[in-house]
Amino acid sequence: MTTTVEVPGGTSRGRRVRAGLLLQRQGALFALVLLLAFGAARYGSNFATGYNLSSFTGDTAKYGLVALGMTFVIMTGGIDLSVGSVAALGGVVAIKVSEHGLLPGLLAGVAAGAAVGALNGVLITRLKLQPFIVTLATLLAVRGLALNLAGARASVAAPGGFQKLGNWSLLGLPVAAEAMFLAFLLGAAALHFTPWGRQVLAIGGNVDAARLMGLPVARTTFSVYLLSGALAGCAGVFLGSQNGSVDTAAGLGWELTAIAAVVVGGTLLTGGVGSVLSTLVGVLLLQLIFNLIVFENGEGSITISSYWESVIRGAFLLVVVLLQVRLVRRRNATGRTT
Amino acid sequence: MTDRRTADPTPERGAPATPSTDGAPVAEPARGRTTLLRGGGIRHVRWTVWAQRYGALAALVVLFVYNAIDTPFFLTPQSLLFVLLRQAAPIAIVAVGMAIVIGTAGIDLSVGSVMAIAGQVGATLVLHDQPFLLAMVAALLVAAVCGLFNGTLVARFGVQPIIATLILFIAGRGIAQLITGGALQPLANPEFQWIGLARPFGVPAQVFIAVLVAVVAWLVMRLTVFGRYVLAVGGNEAASRLAGVPAARVKLLAYVISAALAGLVGLIAVSANSASDANNVGLGMELDAIAAVAVAGTPLTGGKVNVWGAVVGAVLLKLLQNTLISHGITKEVAQIIEGAVIIGALWLQRHEA
Chain H
1 MTTTVEVPGG TSRGRRVRAG LLLQRQGALF ALVLLLAFGA ARYGSNFATG
51 YNLSSFTGDT AKYGLVALGM TFVIMTGGID LSVGSVAALG GVVAIKVSEH
101 GLLPGLLAGV AAGAAVGALN GVLITRLKLQ PFIVTLATLL AVRGLALNLA
151 GARASVAAPG GFQKLGNWSL LGLPVAAEAM FLAFLLGAAA LHFTPWGRQV
201 LAIGGNVDAA RLMGLPVART TFSVYLLSGA LAGCAGVFLG SQNGSVDTAA
251 GLGWELTAIA AVVVGGTLLT GGVGSVLSTL VGVLLLQLIF NLIVFENGEG
301 SITISSYWES VIRGAFLLVV VLLQVRLVRR RNATGRTT
Chain E
1 MTDRRTADPT PERGAPATPS TDGAPVAEPA RGRTTLLRGG GIRHVRWTVW
51 AQRYGALAAL VVLFVYNAID TPFFLTPQSL LFVLLRQAAP IAIVAVGMAI
101 VIGTAGIDLS VGSVMAIAGQ VGATLVLHDQ PFLLAMVAAL LVAAVCGLFN
151 GTLVARFGVQ PIIATLILFI AGRGIAQLIT GGALQPLANP EFQWIGLARP
201 FGVPAQVFIA VLVAVVAWLV MRLTVFGRYV LAVGGNEAAS RLAGVPAARV
251 KLLAYVISAA LAGLVGLIAV SANSASDANN VGLGMELDAI AAVAVAGTPL
301 TGGKVNVWGA VVGAVLLKLL QNTLISHGIT KEVAQIIEGA VIIGALWLQR
351 HEA
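Line by line, the protein sequences give chains H and E.
For the first sequence, our numbering assigns the number 1 to the initial residue and increments by one for each residue that follows.
For the second sequence, our numbering assigns the number 1 to the initial residue and increments by one for each residue that follows.
Looking at chain H on its own, in the form it has when it is part of the complex (with noise of 0.2 angstroms):
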């Protein structure tokens, strides 16, 4: 699943260091199971619902497609932190469209995120700008695109086909859902079965060395913020339609909880190691940890401030960014000794 590292075998302290690997690639999916299980037994079966189950999972996809967008990226050794201001212009552009009908709305929204993605690969890759501030400029502008073409007020579909889109359960699970796990399966084949998955891969692990390989960086590199730009508009599109509306603080903010569920999946900021399903157990976790808070209100023993999500989402980050650390240490030391 994970790529690209090798783990020194043999010592004891080599079995320590695949434990600690083990845990560093699959420690999201054991608190997955481990939370899943803790509000299963607590909650009972109200937990445990097709609702919960459908309206979760439903929620989850817009971060969902976002960071698996931004997993790309981060691969590569870039980031991208415009996503959410994309969403926003996504769903405000697929909700002017959508009175042509449903399917030009979705491909509308999806295509002004994609645009606004290949006028970040343009910027990086031919004008050779740091990505972090790129997509920071565009951050800003594109917010200020889609509060423009939205009237600085909350864009409301009209009620019909669109909002039929966000509210539409296929064999039991919203179809936002669904595109969201499809998504991450066809992300997760192109990364190991493709060429490209495995360019991006080479990019992030040394430029250098990929561009004397003779590997097409600059196009690569440009291909992963078209789809990440693709993908956080079709969010944008997702969430247009679940909630009839995209107000002007739609998707504020989404990019760190994006870059925050990547790197609780495991994938290192420094580019050229990842996984892509391991992202997507990482925005389950995150979200997951809201939908018990929730759950543990509705028990009414006691209160937790929805405040605390935050509290411990950043907990939560900061335990497995040290972890992180202790492991790559350890690798490092590993390395050295043998």
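Read the hints as simulated data drawn from the structure, not as lab findings.
Since the structure is predicted, the reported quantities are computational estimates derived from the model, not experimental observations.
Check each hint, because a few of them may be wrong.
Now the in silico label distances, taken between C-beta atoms and shown as ranges [claimed, not checked]: (1) Ala48(H) with Gly328(E): 51 to 59 angstroms; (2) Leu185(H) with Val211(E): 35 to 43 angstroms; (3) Tyr66(E) with Arg326(H): 49 to 57 angstroms; (4) Glu99(H) with Asp70(E): 37 to 45 angstroms; (5) Gly253(H) with Lys331(E): 16 to 24 angstroms; (6) Arg211(H) with Lys331(E): 41 to 49 angstroms; (7) Ala238(E) with Leu127(H): 22 to 30 angstroms; (8) Val145(E) with Gly298(H): 34 to 42 angstroms; (9) Val145(E) with Glu99(H): 48 to 56 angstroms; (10) Leu127(H) with Asn280(E): 31 to 39 angstroms; (11) Asn167(H) with Pro186(E): 53 to 61 angstroms.
The C-beta atom is built at its ideal place from N, Cα and C for all residues, glycine as well.
We have chain H; now place chain E onto it with these hints.
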């Protein structure tokens, strides 16, 4: 992070061991369309170098002159001091701290959350009848502890700055909200609110504070060992460590300074609003501050600190916004233009290499 130092052909090898604090027009032997001796290599100084170094200042002057001619009542103390500078001062103060952190090749995303925490601590203490001075000192100390947290993660644990400060960015606002359960705290305490409302000599106190902070930071960067160390660590951390620079301590201190300045601005914001609103204080401040630093041409890869550039950048972005809005351009379109200006500044910066 986004660091691709290996990939872009910056002239690092020819650069002097301690890069210059630019913006200070003394260290450079020559400028303009002449040649410049740098580390043994003679190279042409193109207009882009000039544009990179003084572009933000030039843009500020142009905008200023344009407004002086075109905008009614622009050249009044009311407009200059109480609209432009008073609005720019908080961003400038945070941007100075951000510039130092960026100088160490770091970034501080947590400034907005730290503002909210410090404001909440200060306001809560004042409302519980503590002396205003104690409240302020306590708030600044709490902010400094936040910086210590960031710095420890970055310097001792080697966590990437963007992630290390992301933790407090996410959790910090929650902590600030939890202090009062998210409720707004109105306050009326003239002594405490001096930093946000007073106008000694007819100038808003926060403008004084911003200038003071910038002067002190500039002197520290130019005259102290710490200032040199920041540049050395940001320029090449491994080399600086081999040269005996206490890199970890330098980075730690940089984050503490940034957080303490953010805390100060949090107190100013609370004072100016006559209320502590943990939900909104400092929202987006990290972006404003980073943009102010970047628009002045300071590379985000570290090794350079341009204190006055950060101040000029903060005033420039604010003046740009106000100019556009006063010409009937909506805030949203102004935001688009602001983004384009940042990209333009970056593009100029790239040409220096």
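Hints versus structure:
For the hinted restraint 51 to 59 angstroms between Ala48(H) and Gly328(E), the CB-CB distance of approximately 57 angstroms keeps it satisfied. Taken as a hint, the range 35 to 43 angstroms is violated for the pair Leu185(H) and Val211(E), whose Cβ atoms sit roughly 57 angstroms apart. In this structure the hint that Tyr66(E) and Arg326(H) lie 49 to 57 angstroms apart at CB holds, the actual value being about 56 angstroms. Our hint of 37 to 45 angstroms for Glu99(H) and Asp70(E) holds, since their Cβ atoms are close to 40 angstroms apart.
In this structure the supplied range 16 to 24 angstroms holds for Gly253(H) paired with Lys331(E), their Cβ-Cβ distance being about 19 angstroms. A hinted range of 41 to 49 angstroms holds for the C-beta pair Arg211(H) and Lys331(E), which are about 42 angstroms apart. For the pair Ala238(E) and Leu127(H), the supplied restraint of 22 to 30 angstroms holds, since their beta-carbon distance comes to about 29 angstroms. Roughly 35 angstroms separates the CB atoms of Val145(E) and Gly298(H), a value that falls within the hinted 34 to 42 angstroms.
For Val145(E) paired with Glu99(H), a C-beta distance near 53 angstroms keeps the hint of 48 to 56 angstroms intact. Between Leu127(H) and Asn280(E) the beta carbon distance is about 35 angstroms. The supplied range of 31 to 39 angstroms therefore holds. Separated by about 42 angstroms at the C-beta atoms, Asn167(H) and Pro186(E) break the suggested range of 53 to 61 angstroms.
The structure fails to meet hints 2, 11 from the earlier list, while all remaining hints are met.
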